[in-house]
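Chains A and B, in that order, are what the protein sequence lines are. Residues in the first sequence are numbered consecutively from 51, following the working numbering. Residues in the second sequence are numbered consecutively from 38, following the working numbering.
Think of the hints as simulated: they come from the structure by calculation, not from any bench. A portion of the hints provided could be inaccurate.
Under 7 angstroms between C-beta atoms, here's a sample of chain A residues computed to sit facing chain B [as the list claims (entries may be wrong)]:
hint, residue
1, Met122
2, Pro124
3, Ser125
4, Ala128
5, Gln129
6, Pro143
7, Lys144
8, Glu149
9, Leu153
10, Thr167
11, Pro168
12, Met215
This one's a predicted model, so the numbers in the text were calculated from it and none came from an experiment. All C-beta atoms, glycine included, are put in the ideal place defined by N, C-alpha and C.
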Amino acid sequence: MTEPSLITQDLTIRFGGHVAVDAVSCAFRPGELTVIVGPNGAGKTTYFNLISGQLRATQGKVMKGALDLTQMAPSRRAQHGIGRAFQLTNLFPKLTVLENIRLAVQARSGQGWRFLTPVHRLTGLQADAEGYLAKTRLESVAHLPAAALSHGDQRKLEVALLMAMEPDIYMFDEPTAGMSLDHAPDVLELIAALKQDRSKTILLVEHKMDVVRALADRIIVLHNGALLADGPPQEVMDSDIVRDVYLGKSPAAPSRASQEVA
Amino acid sequence: MTHAPSLASPKQTWGALTVKLLVLLVAALLLFAPFLFQDTRSIEVAARICVFIVLVASYDVLIGYTGIVSFAHTMFFGFGAYGAAIALRTMGPGWDAIALGASVGCVISIVVAAAIGLLSLRVKAIFFAMITLAAASVVMVLASQLSQITGGEDGITYKTPAVFKTAYKLLVDDHGKVVRWFGVKINGKLAAYYFVYASCFALFLVMLRLVGSPIGTVLKAIRENEARAEAIGYRVVAYRTFVFCFSAVVASLAGTIYAIWLKYTGPKTALSFTIMIDILLMVVIGGMGTMWGAVIGAVLLVLAQYYLRDLMGSAAEALVNVPLAPQVLAPDRWLFWLGIIFILLVYNFPKGIAGTLADKGASR
Ligand SMILES: Nc1ncnc2c1ncn2[C@@H]1O[C@H](COP(=O)(O)OP(=O)(O)OP(=O)(O)O)[C@@H](O)[C@H]1O
Ligand SMILES: [Mg+2]
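Build out the structure end to end from the sequences listed, making use of the hints.
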């Protein structure tokens, strides 16, 4: 088995008395797509926020290989290959779609500090950005401001930004939530294609069971912030605890508004 | 062959084109100003416009592009102006004094900006604004207290290099008299004006390059969504501190240029909060986050400050027989009318003149 690329050790965060993520220890490996499931408010988004740095852990560690990320700012974690797409769309609303994507490309290529070369002369940067634009099928809206896009296209752009970061660790937080049926397959295809690249580690929060079945190599279940189950998809989906906390209740349970750092 | 929609260049709106043409027109008018408007007042106005374009544009890089609200911009302007003034007075009128004064002004600006930035750019925007206000007040008090160095409330008068003296003949004819082109004496005053014009032009170009290069997009990204900018790998505090220092240096250089032009530096010309308010008005009227807005705002406000009074005076005279008109239009009421004009402008151009115009003709 390959060495884990991402490890959380005893990862915990408390908000006042409320433990949102409770001592989660888990290792993720390259070439593996892990789906994270759990009812609303289980702590999935908070777990992501701890890994990508939007929130600092109260306790525990986040490691990328041997590198300790726990105290790093989100930007440094991004530079170390942690990439993240957000559950609540989180874009640069007045910038065009192409500019949004270019920003992600440029951050990775370290050209953010270039300050005397006009953008249009950096053709490599531009071409790169157009590549991701095509991959996510957003060419037709390239020059619209992000705020002018339909919800589905905004979700795609959210994913495009993550793709353009070319991280080692991909974290998708309900990428198809609220997407129409004709948009969702585009995004799922992208994720499936990523899986083919065995060097990438993929974490996916997803509620739709057909999607989980199609993509997951492994499922972990969070409940009240704690890691409840971890294993191959079929095994986890068949187990009783999981049925109780999640599969049984979730569709009927009134969904709590999730408060996340977005 | 089919034509894919061009990705490289989005279509320009006619509004955006109009704005650029206006700016070009301003650049041309300023270039020929000494020949077009041949009186001493006009050339003062033209020089002030040049300096304020740079000052306002550098403020726009902060507020319009990055979303940083600072009230310390005049402070940096003052560092540059006082730097040059003190150096020119103590070392005598030479380029070495100017170079030293400008450098000291820039260094102090960078140090102060970096200190304010690193200490407080992490806090909420409102606190940051307060801190800049406090810093600017401290510097203003210091400038008036350290009167041995700064001349206190009276300020400092000094000489600038001989080429900038009005009596200096740049071109002489066979009789030793100064040559005139189109009726304009080719003297030191003209040289001083073109020094102002050229240096302001250069500074403006540098700022244009900055906002048009990758870092310019990062600044806008920080304005739009700081958390996401951080999440895709930009160290927001570092970028903010950089841009704060950059705009401080440009403001400082603008101060040096103005000090050389005026041959006088005092709290009124280089440090007062009135200047800060002028900058704010110019950036709001011109339009934030466009660079061109700085040009339009500076031109309009400086012109209004210098000419509205006269205009009203002549209007009052012309309408002397119309009841009430002379009273309403009395030159002393110019500030009142300026206020009305501002309110109308802001009301009709909510994104500033450049911003609102540029949206005209957009397909959306
Ligand atoms: N910044 C915060 N401050 C206080 N409480 C928070 C904060 N962020 C999250 N929480 C709480 O932590 C718990 C976990 O929330 P989280 O958003 O991680 O759930 P989730 O599993 O992503 O749910 P959903 O499926 O609705 O997206 C919730 O009870 C939430 O109210
Ligand atoms: Mg969530």
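Review point. Failing hints, ascending?
Key: 1
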